[in-house]
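> Each chain is listed here by its residues.
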Amino acid sequence: MKDKLLYAACLLAAWLVLANLSVILLVLPDEAEQGAIYRIIFFHVPAAWSAFLGFLLAALASVAYLVKRNLWFDALAVSVTEVGLVFSIVNLITGMIWGRIIWGIWWTWDARLTSMLVCALLYAGYLMLRRAVEEPAQRAKFSAVFSIFAFIDVPIVWFSIQWWRTQHPQPVFRGGGSMDPAMYKMMFANWVPLLLLFAVLSAVRLRQERARSEIDALRREAHAL
Amino acid sequence: MSFFRHAFQIAAKDLRAELRTKEALNASLSFALVILLLFSFAFDPTAEQTREISGGLLWLVFAFAGALILNRSFARELTNDCLDALVASPVSGAALFTGKCLANMALLVAVELICLPVFGIFYNVRWVHRFWPLLLTLILGTWGITVVGTVFSALTVNLRLRELMLPTLVYPLLIPALMAAIQLTTGLLAGQPLAAELTNWLKLLIGFDIIFTALALGLVETVLMG
Amino acid sequence: MSSANFTFLVYGLTVAWLILFVYVALLAGRDRRLRREIEQLKQMLQQYKRS
Chain S
222 MKDKLLYAAC LLAAWLVLAN LSVILLVLPD EAEQGAIYRI IFFHVPAAWS
272 AFLGFLLAAL ASVAYLVKRN LWFDALAVSV TEVGLVFSIV NLITGMIWGR
322 IIWGIWWTWD ARLTSMLVCA LLYAGYLMLR RAVEEPAQRA KFSAVFSIFA
372 FIDVPIVWFS IQWWRTQHPQ PVFRGGGSMD PAMYKMMFAN WVPLLLLFAV
422 LSAVRLRQER ARSEIDALRR EAHAL
Chain F
2 MSFFRHAFQI AAKDLRAELR TKEALNASLS FALVILLLFS FAFDPTAEQT
52 REISGGLLWL VFAFAGALIL NRSFARELTN DCLDALVASP VSGAALFTGK
102 CLANMALLVA VELICLPVFG IFYNVRWVHR FWPLLLTLIL GTWGITVVGT
152 VFSALTVNLR LRELMLPTLV YPLLIPALMA AIQLTTGLLA GQPLAAELTN
202 WLKLLIGFDI IFTALALGLV ETVLMG
Chain E
22 MSSANFTFLV YGLTVAWLIL FVYVALLAGR DRRLRREIEQ LKQMLQQYKR
72 S
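Chains as they are written, first to last, in our numbering: chain S, 222 to 446; chain F, 2 to 227; chain E, 22 to 72.
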């Protein structure tokens, strides 16, 4: 039954993306100088939002783990962190492609891209930390501590890098000016299918984490016999 | 207040042990000096370029040298089960942590104070006239590095690949503090007064220190004792 | 809609979805491996209990 729910969610997400794409490509007006490439923003930005949602959930799950010591919270934390990291990679790569097209260079220390890169490094570190610890309870404890540190650091990183970039301004994707409200609505509208995908991928990953603890239990039984 | 008494006792023990062998101190200092000299060869910066990169160069050197000191901080307690003894003792986890932070801070600041004149000589940078604001920056920045580094030194002490995990986990966390310290140092060495723009970076550094000290003190018992 | 940079938009969107599909493929691979290991362990335990 659970599987059917996941497949249904995927199909819904796919349908929403296609519906949105038709609006994105046909209905929405052009941006002044960038040509069609700017439309990638409707995936670039919601991907970042999804990543941060993941990191927030991970931090909350980490706190819950440290309080309750229930390994389900740890499984949730790693699942949403991993999926969040994937979305942050989507944000980074689409950002780099966008930058390459409009400015001719793959990377500039644009405030948002740089901050996202640092966050991605932080959470890649989280996943590396998990690989280095064998014992499940200790792994959960250490990852929870790191996740909390990382999440508290995220706003400070954003803030400080934003400041740094106001001292040496680099090209920015969108000027400070406001966006057409239809575009704003579309960014949120496109976030919905991405969130659905986020939920589906996290659910699958969570199931795998339970499978792993089942394997650990079976192995212990085998050893005992 | 037994908390401070314990913390100072731990700090004194660590410093005494370190000063007798000087292992971490020598490793850290030589590494820092070699990098400073190598950079001077490799890039041979003009006065203008040096002014621009001074903060970045100094703090990268301090961060890398610091990792050597921080790594040994808890690693030294592994032999003969000293860490288990410390954890079992009446010293609270927070006091143990604070003591180690103070010791690491003293060692790292010592390394930095030796690097500063060397930097001044080899890069032709005048720093003596800005010594007090620079010292403030050094202390605040080093405290940030030390606090985060010591918590993760405790966390990674039993892991395989400890020497790789500590920098991997700590450096991204430290980016805001390093950035603030770098901007402050570059600004101060370029002759800017500690006002206006630079105070913003100072406030960021102080805020970072407060937030992460509180977080570390709150979580270190969990890390050490479960 | 202007056609300037349209091909690049397509590349960009393709890459974005490719990253997600690669992740799905990784998850599927891991799933298969985990399931196989569970089966193996269960069989091994059954054999041992029978003997």
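To be clear, the hints were calculated from the coordinates, so they are not data collected in a lab.
There could be a bad hint or two in this list.
[To be verified] Ranges of calculated distance between the beta carbons of each label pair, as one might list FRET restraints:
no.: 1; chain 1: S; residue 1: Gln391; chain 2: E; residue 2: Arg53; range: 43 to 53 Å
no.: 2; chain 1: E; residue 1: Val31; chain 2: S; residue 2: Ala358; range: 18 to 28 Å
no.: 3; chain 1: E; residue 1: Leu66; chain 2: S; residue 2: Pro357; range: 25 to 35 Å
no.: 4; chain 1: S; residue 1: Arg433; chain 2: E; residue 2: Val31; range: 36 to 46 Å
no.: 5; chain 1: F; residue 1: Phe4; chain 2: E; residue 2: Arg56; range: 29 to 39 Å
no.: 6; chain 1: S; residue 1: Met349; chain 2: F; residue 2: Ile207; range: 42 to 52 Å
[What the hints assert, rightly or not] Using 30 Å as the maximum straight-line C-alpha spacing, the simulated BS3-like pairs for lysine-lysine come out as follows:
no.: 7; chain 1: S; residue 1: Lys406; chain 2: E; residue 2: Lys63
no.: 8; chain 1: S; residue 1: Lys225; chain 2: E; residue 2: Lys70
no.: 9; chain 1: S; residue 1: Lys223; chain 2: S; residue 2: Lys289
[Claimed, not checked] The following residues of chain S were derived to be distant from chain E, with all beta-carbon distances above 10 Å:
no.: 10; residue: Ala230
no.: 11; residue: Ala257
no.: 12; residue: Phe264
no.: 13; residue: Ala268
no.: 14; residue: Thr315
no.: 15; residue: Trp319
no.: 16; residue: Trp328
no.: 17; residue: Thr335
no.: 18; residue: Leu338
no.: 19; residue: Leu342
no.: 20; residue: Trp379
no.: 21; residue: Thr387
no.: 22; residue: Val425
no.: 23; residue: Arg426
no.: 24; residue: Ala443
Heads up, the beta-carbon is just placed ideally off N, CA and C, and yes, glycines get one too.
> Next step is simple, just say for each hint if it's right about the structure.
Checked hints:
A beta carbon spacing of about 45 Å between glutamine 391/S and arginine 53/E agrees with the range 43 to 53 Å that was offered as a hint. In this structure the hint that valine 31/E and alanine 358/S lie 18 to 28 Å apart at CB is violated, the actual value being about 48 Å. The given range of 25 to 35 Å is broken by leucine 66/E and proline 357/S, whose C-beta atoms sit roughly 20 Å from each other. Judged by the Cβ atoms, the range 36 to 46 Å given for arginine 433/S and valine 31/E holds: they are separated by roughly 39 Å.
The supplied range of 29 to 39 Å is broken by phenylalanine 4/F and arginine 56/E, whose beta-carbon atoms lie about 52 Å from each other. Taking 42 to 52 Å as the suggested C-beta distance range, the pair methionine 349/S and isoleucine 207/F does not conform, at roughly 31 Å. For the given pair, lysine 406/S sits about 52 Å from lysine 63/E by alpha-carbon distance, which is inconsistent with the 30 Å threshold. Proposed proximity of lysine 225/S and lysine 70/E is contradicted: the alpha carbons are some 35 Å apart, above 30 Å.
With a C-alpha separation of about 26 Å, the suggested pair lysine 223/S and lysine 289/S falls inside the 30 Å cut-off, and the hint holds. Distance to chain E confirms alanine 230/S as a non-interface residue, since its nearest Cβ pair spans about 13 Å, more than 10 Å. At roughly 4 Å from the closest C-beta of chain E, the C-beta of alanine 257/S falls inside 10 Å, breaking its exclusion from the interface. Against chain E, the non-interface label of phenylalanine 264/S is violated: not every CB pair exceeds 10 Å, the least being about 5 Å.
The non-interface label for alanine 268/S is inconsistent with chain E: the shortest C-beta to C-beta separation is roughly 7 Å, within 10 Å. Remark: the non-interface label on threonine 315/S conflicts with the geometry, its nearest Cβ contact in chain E lying 5 Å away (cut-off 10 Å). A cut-off of 10 Å between C-beta atoms contradicts the statement that tryptophan 319/S is not in contact with chain E; the least separation is 7 Å. A cut-off of 10 Å between C-beta atoms confirms that tryptophan 328/S is not in contact with chain E; the least separation is 16 Å.
The Cβ of threonine 335/S lies farther than 10 Å from every Cβ of chain E, with a closest approach of about 20 Å, so its non-interface assignment holds. Non-interface status of leucine 338/S relative to chain E is upheld: no Cβ of that chain comes within 10 Å, the nearest being about 15 Å off. Remark: the non-interface label on leucine 342/S is consistent with the geometry, its nearest Cβ contact in chain E lying 17 Å away (cut-off 10 Å). With a least CB separation of 22 Å from chain E, tryptophan 379/S remains clear of the 10 Å interface cut-off, as annotated.
With a cut of 10 Å on Cβ distances, threonine 387/S stays outside the contact zone with chain E, its closest approach being about 28 Å. The claim that valine 425/S is not at the interface with chain E is violated, since a C-beta of that chain comes within 10 Å of its own (minimum 6 Å). Some Cβ of chain E comes within 10 Å of the Cβ of arginine 426/S; the nearest lies about 6 Å off, and the non-interface call is violated. The non-interface label for alanine 443/S is inconsistent with chain E: the shortest C-beta to C-beta separation is roughly 6 Å, within 10 Å.
Checked against the numbered hints given earlier, this structure breaks hints 2, 3, 5, 6, 7, 8, 11, 12, 13, 14, 15, 22, 23 and 24; the rest are met.
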